[in-house]
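Q: Sequence:
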Amino acid sequence: MTETHVVFDWGREEQKRMTLPIDEFIERFLYHVPPPRSILVRSYGLYSQVKK
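When the letters of the sequence shown are read in order and numbered with my numbering, they come out as residues 1 to 52.
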């Protein structure tokens, strides 16, 4: 992280590196935050019934 850019790794199969301006990084990050009082689907991943 610098004063103007953020560098982070992403990718599942192979790790890739991306550099973004701070404002665009925050915008993309907040895109994944659910809105208040939203109903989330918990039927997959960590919260699935199969894992319990």
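It should be emphasised that the hints constitute simulated quantities derived from the structure, not laboratory data.
Just to be clear, a hint being listed does not mean it is correct.
Claimed, not checked - What follows is a list of derived Cβ distance ranges for each label pair:
#, residue 1, residue 2, range
1, 1, 31, 30 to 36 Å
2, 39, 2, 36 to 42 Å
3, 39, 18, 14 to 20 Å
4, 41, 1, 30 to 36 Å
5, 36, 14, 23 to 29 Å
For every residue, glycine included, the Cβ atom is placed at its ideal position computed from N, Cα and C.
Q: 14 to 20 Å was suggested as the range; check whether the CB atoms of residue 39 and residue 18 agree with it.
A: 31 Å, violated
Q: Between residue 41 and residue 1, does the C-beta distance stay in 30 to 36 Å?
A: At 33 Å between Cβs, range holds.
Q: Regarding residue 39 and residue 2, is the given constraint of 36 to 42 Å on their beta-carbon distance met?
A: At 39 Å between Cβs, range holds.
Q: 23 to 29 Å was suggested as the range; check whether the CB atoms of residue 36 and residue 14 agree with it.
A: 36 Å, violated
Q: Given the hint of 30 to 36 Å, is the C-beta distance from residue 1 to residue 31 inside that range or not?
A: Violated, since residue 1 and residue 31 (Cβ atoms, about 19 Å apart) do not stay within the stated range.
In the structure shown, a violation is registered for the earlier hints numbered 1, 3, 5, in ascending order.
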